[in-house]
Structure formats: C-alpha cells, structure tokens
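> Take the sequences, apply the hints, and build the full model.
Below, each chain spelled out in residue letters.
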Amino acid sequence: MPTVSMTVNGKPVTAEIAPNTLLVSFLRENLRLTGTHVGCDTSQCGACVIHIDGESAKACTVLALQANGAEITTIEGLAKGNNLHPMQKAFQENHGLQCGFCTTGMIMSAVDLVKKHGKPDDATIRKGLEGNICRCTGYQNIVKSVKAAAQEMEG
Amino acid sequence: MYHFEYQRPATLDEAVALLKEDCKLLAGGQTLLPTMKQRLAQPEMLVDLGAIETLRGVCPDDDKLAIGAMTTHAEVASKADIPALACLAAGIGDPQVRNRGTIGGSVANNDPAADYPAAVLGLNAQITTNKRVIAADDFFVDLFETALEENEIIINVTFPRPQAAAYVKFDNPASRYAIVGVFVAKTGGGVRVAVTGAGPCVFRHKDLETALTSNFSAQSVDTVTVSATGLNNDLHASAEYRANLIKVLTKRAVAQIGG
Numbered sequence: 026m027p028t029v030s031m032t033v034n035g036k037p038v039t040a041e042i043a044p045n046t047l048l049v050s051f052l053r054e055n056l057r058l059t060g061t062h063v064g065c066d067t068s069q070c071g072a073c074v075i076h077i078d079g080e081s082a083k084a085c086t087v088l089a090l091q092a093n094g095a096e097i098t099t100i101e102g103l104a105k106g107n108n109l110h111p112m113q114k115a116f117q118e119n120h121g122l123q124c125g126f127c128t129t130g131m132i133m134s135a136v137d138l139v140k141k142h143g144k145p146d147d148a149t150i151r152k153g154l155e156g157n158i159c160r161c162t163g164y165q166n167i168v169k170s171v172k173a174a175a176q177e178m179e180g
Numbered sequence: 338m339y340h341f342e343y344q345r346p347a348t349l350d351e352a353v354a355l356l357k358e359d360c361k362l363l364a365g366g367q368t369l370l371p372t373m374k375q376r377l378a379q380p381e382m383l384v385d386l387g388a389i390e391t392l393r394g395v396c397p398d399d400d401k402l403a404i405g406a407m408t409t410h411a412e413v414a415s416k417a418d419i420p421a422l423a424c425l426a427a428g429i430g431d432p433q434v435r436n437r438g439t440i441g442g443s444v445a446n447n448d449p450a451a452d453y454p455a456a457v458l459g460l461n462a463q464i465t466t467n468k469r470v471i472a473a474d475d476f477f478v479d480l481f482e483t484a485l486e487e488n489e490i491i492i493n494v495t496f497p498r499p500q501a502a503a504y505v506k507f508d509n510p511a512s513r514y515a516i517v518g519v520f521v522a523k524t525g526g527g528v529r530v531a532v533t534g535a536g537p538c539v540f541r542h543k544d545l546e547t548a549l550t551s552n553f554s555a556q557s558v559d560t561v562t563v564s565a566t567g568l569n570n571d572l573h574a575s576a577e578y579r580a581n582l583i584k585v586l587t588k589r590a591v592a593q594i595g596g
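If you're matching them up, the sequences are chains W and F in order. So in the working numbering, spot 102 of the first sequence is number 127, and the numbers just go up one at a time. So in the working numbering, spot 144 of the second sequence is number 481, and the numbers just go up one at a time.
All the given hints hold, so there is nothing to weed out.
Cross-link-like lysine-lysine pairs, in silico, DSS-like; alpha carbons within 25 Å at most:
#  : chain 1 : residue 1 : chain 2 : residue 2
1  : F       : K416      : W       : K144
2  : W       : K140      : F       : K416
3  : F       : K401      : F       : K468
4  : F       : K584      : F       : K523
5  : W       : K172      : W       : K152
6  : W       : K140      : W       : K105
7  : W       : K140      : W       : K172
8  : W       : K140      : W       : K152
9  : F       : K588      : F       : K523
10 : W       : K141      : F       : K416
11 : W       : K152      : F       : K416
12 : W       : K172      : W       : K141
FYI, nobody ran anything at the bench for these hints, they're computed from the structure.
Here it is as structure tokens:
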C-alpha cells in the first residue's frame with residue numbers, strides 16, 4: 026500500500042493507506058479525529074470542511090493521498106489548549122448551533138472566510154457559507170457568530 | 338469507494354508515460370471523485386496532476402492571459418485580469434469547491450452546465466495540450482465529450498483579451514450550476530455569444546452574434562428568435578424557458594458591458 030505523510034494540526038503523521046481512502050476517513054478512522062463530520066458524502070453539505078494548506082476544502086472529496094505533504098488543520102487544531110478559537114467562542118456565545126452536526130465544518134469555513142474578507146458584512150458571510158448546510162438554526166445566529174468572531178480575529 | 342491504483346507524477350512527461358487504458362487524470366477531483374463514488378466512472382487508475390507545479394498559475398501578457406490547467410477556480414477569481422473571467426470563476430460552486438476545482442478539470446469534463454466552457458468559447462480561447470493547440474470552436478464536441486484524445490493532457494488555456502466581456506448565469510440555487518449561462522464578448526473579430534447550461538454542450542448563438550455585431554444593444558437582442566428546439570428539458574427548466582433565458586441573460590450581459 027502507498028504511504029502518505031502530512032502534518033495534521035501541527036503534528037507529522039505517516040501511514041500506509043489504500044488509494045481509495047478519502048481524507049475525511051483518514052482523519053476520522055486512522056487518526057481518530059472525529060470532529061470532522063461526514064454528512065452527505067457528496068461535497069454538498071460542508072460538515073467535513075477542513076483546511077488544506079490554509080484553504081478550506083471538503084475532506085469527503087479529497088483522497089488522503091492527494092494531501093501528501095500538506096498541512097491539514099481540523100476543528101481539533103483550532104483551540105489553543107483550553108482557549109477556544111474566537112470563532113468557536115463566538116458560536117458558543119451567540120447560540121450559533123443547535124444540534125451541532127454542521128458546526129465543525131461551519132466554523133472551519135467561517136475561519137477561512139474571515140481570513141479572506143477581514144470584517145465581512147451579512148451578505149458576504151451568507152455567500153461565503155454557501156457550501157455549508159445547517160438544518161437547525163435558520164442561519165441567523167451563525168451569521169451573528171461569524172460577525173462577532175471577525176471583530177476578535179486578527180487581520 | 339472501490340479499489341483503484343493511484344499515481345502522483347512530479348512532471349508532465351512522467352504523467353504522459355503513465356497513461357494507459359482505463360486510467361483517468363485527477364485534477365481537483367471535485368467532479369471526478371463524486372462520480373467515482375457513484376460508479377458513474379470506474380477508472381482502474383488515477384494519475385494525480387496535483388504535484389506538477391508547471392501546470393499551475395496565471396500568466397498575463399499584453400494581448401492574452403494564459404492559465405495553467407491545474408489553477409484553481411479561487412486562484413482564477415483572484416488573479417485573472419479579465420474581469421468577466423474572474424467573475425465567472427468566483428461564481429462556480431461554493432468556496433470549498435473553488436479552492437480545489439481547476440480550470441483544466443472543468444474544461445476537460447465539459448459538463449453541459451459548467452461555467453468555464455462558456456468563457457473558453459466566448460473568448461475564443463486556445464487549449465494547449467502536450468500534443469497540440471486546439472481552438473475553442475473545435476474543442477467542445479458534445480455532452481461530456483471534447484476533442485481530447487485518451488493520452489492528451491491539457492497544459493493551459495489561453496484567453497485572448499476581449500475589448501469587453503460579461504458572463505451572466507441563472508444558476509441552480511443548490512448546486513450553482515448554470516440552468517443557463519451566457520458569455521458575451523466584444524472582440525476584434527466581432528461579438529461572440531457562448532451559451533452554457535441550455536443544450537447538451539456549450540454552443541455559440543450565431544444569430545445573436547450577428548445582431549450584436551451590427552448593433553450592440555439590448556434592443557438588438559429582441560430582434561432575434563431563439564428556438565427551443567434541441568435545448569435541455571428537465572426538472573429544473575423546460576426547453577422553452579431556457580430559450581427565453583438565453584435572450585434575457587444575453588440582454589443582461591450586454592447591459593453590463595454598456596450596450
């Protein structure tokens with residue numbers, strides 16, 4: 026079996042995997058990082074969003090082997106020890122989630138969105154989260170959370 | 338997913354040498370991988386072009402813009418200095434798809450509802466492969482079919498700079514694919530109108546081109562009859578509705594350009 030090496034949340038990992046292993050399966054099943062969720066498995070819902078070399082991507086539509094040599098960040102890599110990332114904190118404080126299934130992908134997309142747009146307005150946030158589906162909240166508090174986090178995040 | 342072989346060559350020559358029957362090139366994978374999950378495609382081997390650095394990047398010139406096949410939609414959206422093209426790329430799928438999906442992959446796949454084919458045909462671009470240069474007019478053959486041969490790899494797509502251009506699409510709100518998309522370009526050789534989403538394959542609307550070349554205005558579009566014959570008829574829109582959309586979107590594109 027081919028070998029894959031990547032850095033996940035700052036730690037180097039190497040494993041032998043079958044070529045048909047999706048990145049999301051590798052993260053969840055090999056590395057036991059189950060914060061990244063599988064929702065639709067058809068790259069529509071965004072529950073599996075992670076960062077590959079700093080860019081948000083749907084881990085259900087990337088082969089683990091394609092990420093060879095890449096820097097991966099998952100939801101588990103956002104917090105610094107017990108200090109939540111401003112985006113995580115904002116979702117908590119603004120009730121940006123209900124069941125929580127979409128939340129990890131939503132937060133990963135939102136972090137990339139704020140990184141690219143600075144302090145986005147409501148329309149930019151809604152457009153930027155087009156790839157993430159939430160069936161609980163109606164999105165109002167998600168937009169509120171992202172806006173609040175953008176005030177706290179640098180740049 | 339089912340079992341397959343995987344190769345990740347570092348150079349174009351290595352990639353060409355690896356090609357064989359029942360093998361597919363993997364670009365961004367945003368269409369190919371979901372297609373493989375559904376077994377609509379079942380290649381025995383994937384040749385991943387992701388490690389070939391020379392296939393990436395946007396290279397502007399005075400009169401043209403060359404975009405490497407493995408350049409992502411997000412990179413085209415932020416770096417292409419033909420505004421209509423950058424705007425088109427910024428409207429494909431969602432941000433995560435744009436971070437992975439590539440121009441070469443989209444063009445080679447020739448999905449009837451994809452956005453890029455409209456820009457490639459509308460701007461009269463050239464597709465450079467490891468073997469030859471193919472004009473846009475000869476490239477898009479039919480539904481998911483292009484002029485590419487089995488062992489041919491797209492290196493870049495080169496867009497001549499238009500005098501002005503605009504792309505307007507009426508998109509499916511879930512997928513962001515074009516129910517109809519119209520790319521209008523004013524070029525030295527006249528006006529070109531490329532339509533995606535409406536038929537089995539992107540096409541130029543010659544009557545609209547003739548009318549707009551002689552009089553570049555929305556009124557001019559009204560004088561043209563757009564037939565529904567041969568257009569797609571599905572749960573998203575009837576052929577007649579699509580025919581109407583072609584005119585409406587052409588007018589919007591003309592208005593954007595200032596006609």
